[in-house]
Amino acid sequence: MSTPVTITTAIELSAKQLDSLAAQLTKKLGKIEVTAVVDPELIGGLKVRVGSREYDGSLQHKLNSVKQQLLAEW
Amino acid sequence: MEIQLPQILFQIVNFSVVVGALTYLLFKPVQKILDERSNKIAEAQKAAQAVIEEKDAIETLKKQSKRDAEKAAAAILDEAKKDADVRSQELIQKTQEHGKAQLTKLQAEWQNEKKEMVKELKAQFTDAVIATSAKVLGEKLDSKAHSKLIDQEMNTILKAL
Numbered sequence: 001m002s003t004p005v006t007i008t009t010a011i012e013l014s015a016k017q018l019d020s021l022a023a024q025l026t027k028k029l030g031k032i033e034v035t036a037v038v039d040p041e042l043i044g045g046l047k048v049r050v051g052s053r054e055y056d057g058s059l060q061h062k063l064n065s066v067k068q069q070l071l072a073e074w
Numbered sequence: 001m002e003i004q005l006p007q008i009l010f011q012i013v014n015f016s017v018v019v020g021a022l023t024y025l026l027f028k029p030v031q032k033i034l035d036e037r038s039n040k041i042a043e044a045q046k047a048a049q050a051v052i053e054e055k056d057a058i059e060t061l062k063k064q065s066k067r068d069a070e071k072a073a074a075a076i077l078d079e080a081k082k083d084a085d086v087r088s089q090e091l092i093q094k095t096q097e098h099g100k101a102q103l104t105k106l107q108a109e110w111q112n113e114k115k116e117m118v119k120e121l122k123a124q125f126t127d128a129v130i131a132t133s134a135k136v137l138g139e140k141l142d143s144k145a146h147s148k149l150i151d152q153e154m155n156t157i158l159k160a161l
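Listed in order, the protein sequences are those of chains A and B.
Residues 1 to 74 (the working numbering) make up the first sequence, in order.
Residues 1 to 161 (the working numbering) make up the second sequence, in order.
Everything labelled a hint here was simulated from the structure, so no lab data went into it.
Just so we're clear, the structure is a prediction, and the values are computed from it rather than from any experiment.
What you were told as hints is all true, and nothing was included just to trick you.
DSS-like mimics (lysine-lysine), calculated; alpha carbons at most 27 Å apart, straight line: (1) B/K148 / A/K28; (2) A/K16 / B/K140; (3) A/K62 / B/K135; (4) A/K27 / B/K148; (5) B/K71 / B/K82; (6) A/K67 / B/K115.
Chain A regions said to be covered by chain B (calculated; three or more residues, Cβ under 8 Å): (7) 7-14; (8) 23-29; (9) 35-48; (10) 58-69.
Even for Gly, the Cβ is constructed at its ideal location relative to N, Cα and C.
Could you build the full structure based on these sequences and the hints that come with them?
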């Protein structure tokens with residue numbers, strides 16, 4: 001049974017890039033079913049959703065973290 | 001002229017009888033009347049004296065009562081004045097305390113409002129900074145930079161999986 005995986009990026013990935021990412025994930029997770037989504041709001045980086053868990057490596061997420069840190073420090 | 005003794009004796013007796021009669025018929029009643037009148041006058045004088053003394057006593061009592069009343073009135077006035085002073089002080093103190101409490105409350109409210117405003121300003125500033133950063137990053141990132149970033153983050157995600 002394949003694990004559904006969604007890869008969200010700010011720009012459209014080339015087939016080569018997508019295959020590379022899929023291969024890395026397969027190595028880790030086994031059989032997967034990859035869906036690629038484009039969301040310019042991410043600005044850069046990517047988000048990976050595996051099942052119900054999401055891993056956010058986007059610039060948007062990083063900027064939000066910086067914002068929260070600034071507000072907390074001030 | 002010869003001194004006639006019987007005549008003299010007769011005159012003496014006559015005179016004595018007249019004096020006796022006068023004493024008994026005139027002198028004693030008159031004396032009695034005079035005595036009665038004298039007594040009445042004395043009693044009247046006594047009564048008058050008693051009235052005068054009573055009048056004096058009443059005057060003295062009146063004066064004393066007046067003095068006592070004035071004293072009491074002065075004491076009441078004094079007490080009332082002291083009371084008024086104390087109440088006035090209490091009122092002033094209460095007003096001052098109320099004023100201070102109001103001022104403290106307003107100061108605290110102002111401080112809170114100030115904090116909220118500063119917080120709001122910081123949030124707006126931070127939002128502006130982040131939005132500007134996001135825009136700049138979005139414009140500056142080329143495909144090479146995007147790829148590099150994606151690979152970096154993928155490595156991090158793979159470590160977390």
